[in-house]
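> Spelled out from the first residue to the last, the chains are:
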Amino acid sequence: MKIIAFLLPQFHRIEENDRWWGEGFTEWTNVRRARSLYPAHKQPRVPAEENYYDLTDPAARARQAELAREYGIYGFCYYHYWFAGKQLLEKPLGEVLRSGEPEFPFCLSWANEPWTRRWDGMDSEILMPQSYGEEDDWTRHFECLLEAFRDPRYIRVDGKPLLSIYRPAHIPRCEEMLLHWRKLAVQNGLGGLHLVRTLGGFRSGTSAGFDASVEFEPHYTFAHGMLQPHWDRVRVDGRPHLTVDYDRVWSSILHRSPHRQGERIYPGAFVNWDNTPRKGAEGQSTIGMTPAKFERYLTRQLEKARREYGSEFVFLNAWNEWAEGAYLEPDQEHGYRCLEAVRQALLKQSKASPAADYGD
Amino acid sequence: MKKASKLKPTATQASNRWLVNQMKRALADKLDPVIGAVADYHRSVYRSLQESLRLLQDFREQNERGRRVPKKLKVLLIEGAFGENESISVNLLEDALRHLVREVVTVKASGEWAKDMEDQSYDLAIVLGGEELPSEENMAALQATSALKAVWLSDQDGVTDVERRLAQAADHVFTQNRENLIVYQSLGCESCRCLPFAADTELYYPRQTERGFGSDVLLVGSLYRNPLLGELARSPVLANLQIRTLGEGWETLGDWVVSATEAEAAEYFNGAKLVVNGSFSLHRAHEISACGAFQLYQERGISASLDSDTHWLLYRSLPEAEELIKRFLLEPDERRWMASRALMDNKYHHSFLQQGSELLRTVFA
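Residue numbers (the numbering used here), protein chains in the order written: chain U, 1 to 360; chain G, 1001 to 1365.
Bear in mind the hints are in silico, worked out from the structure with no lab data behind them.
Ideal Cβ positions, reconstructed from N, Cα and C, are used throughout, including at glycine.
Where hints are given, some of them may not hold.
[What the hints assert, rightly or not] Covered stretches of chain G (in silico footprint by chain U; criterion: 3 or more residues with CB under 8 Å from a CB of chain U, positions within the stretch not fixed): (1) 1201 to 1215; (2) 1219 to 1228; (3) 1335 to 1346.
Model the full structure from these sequences, guided by the hints.
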């Protein structure tokens, strides 16, 4: 079983973030200033050895890959940001491509949504609008991605580069765009593309043009799959703050039917959820997460992926979403236990099904 | 002393004797009914007392039975033959019962177990199936045993002579079909209830299938017994959709119908976006849910409302079915949510552990 972990590149300064959020802003800014909102709420999260890395530093990227490889993560899925010709946060991946380091598999997820002051991808307080242009822009976009697609480290399915799209329903001529890209892929010797749409908290739209769907957790479960009452409210500064039961979310994931619309589905997993560093009391946080539970649930999800989904991949949210509580990287509270949980889950799952081979 | 001589009665004495006799007769006429009534009363009180004592004894025995701790019970499971569409995994039931009782011994209905039944002190004998009658010797042993007897029949489509015979030999009858209850009651069965078999989760579980088993709508049921399914197959709502069918009689609709075989049922359930279950079989409905498939279930006749928590969408008419299909084919995540609820309910409320537990609770109530 191959675990692909989403990787957020927003751990270096860019001019736009300096302008919008203040000089020196990176994701660490939100992470550092988070505060505990209620007694059981653990914030701020602090990286182990206070390693507030910069992703433009090759040593930081190397360390990420080294850790991921050591604990069994198959590859990273970098978020890619393209706004009708304008890219943001593209430096880390650019340097990965140019340097050929680290030697570690990766793929891309186009995080196609407007950037807003509310960190919600909605249509108010927009900092960077998301638009899609026409065929010429689609071609320019493909050409920007081509270097990554040609990279030998790029993750492929049936020989075709895997590209995930976060909000396909946001794209007005999505199916046409995908067909356009497939033609360009063939013309450029790639053999095609393996296009994956994300099932998350937003409207899914049609599956037309896609080869598969990926469940983005816990958002997909929040929006579509909660099987038991799970939300609660805690008063914070006189306002209600939503908390969610960690175990109930996982229970819903693990009890879900694998059948949806007849499409191939890559199941998801999540480490934890707490976006209060970004949104304060208006965010949501889970109650009850422990690394031991994460290990137990991930083990079961890996087995479910094999037996019920017939999937070779599980997409994990995430490698380093520190400001959303979804990270595997070591911190001061849990140390390396979340990474160890991944290793143990993979080990148990492979013992339970030794003949499983996900090469096809 | 001089003996008193026996003298001839005088006229007065004779008259007096007559009067006394008349008085006696009159008194008897008056008193006998009263004395008789009192005697009758006493007799009836005595009978009532005896009856009460018997009732009290029965009550105590029932209480003792009810107080029988399931974990101390010894159960004989008699595995009969099943109809093609109603076979179950006896192993799963056996396993489940082993969680609930002390010992389970399983024999085949066609085997020789009369002596074993006599020798062993079973608390309960459960006959499963209904396609095959045990031998006369076995049946005699079954009837003679002091163990409680239950039959759990595979009687989805009517009641056969074998099933009638088995039902009459049993203390408790469990049927697949609510409509059969009236038949068993007419045979004198005092305890009969509907208890569908659980799904065999070694066959029916969620998984991916090959493309050939995929469908937009899978119609399940016998066209002979449920003409509504045929009307639905021809409905404009299903035009331009990939339709598959499972059951009897579909070939009569024409070559365009692609029918599944029973052996492939689980694959087709897993491959369907939406299953329309017009089989009237709760067992079948549980099999569909066990695959994680979204299901519409056709209710009929006296089967009133289903047990709660099945999470199947119910329909009774063609327009209802069409409306549900139109609506839910457009809502994949809502279908998925409901199918997931049904899958969960099937696991926790309708497994062999639950059904076995229900059976024991009924028998030992």
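> Look at each hint and say if it fits the structure.
Evaluation of the provided hints:
Counting residues of the stretch 1201 to 1215 of chain G whose CB falls under 8 Å from any CB of chain U gives 5; the rule of at least 3 is met. Proximity of the stretch 1219 to 1228 of chain G to chain U, defined as three or more residues with a beta carbon under 8 Å from a beta carbon of that chain, is not established by the 0 residues found. For a cut-off of 8 Å, the count of residues in the stretch 1335 to 1346 of chain G with a CB near a CB of chain U stands at 8, and the three-residue condition holds.
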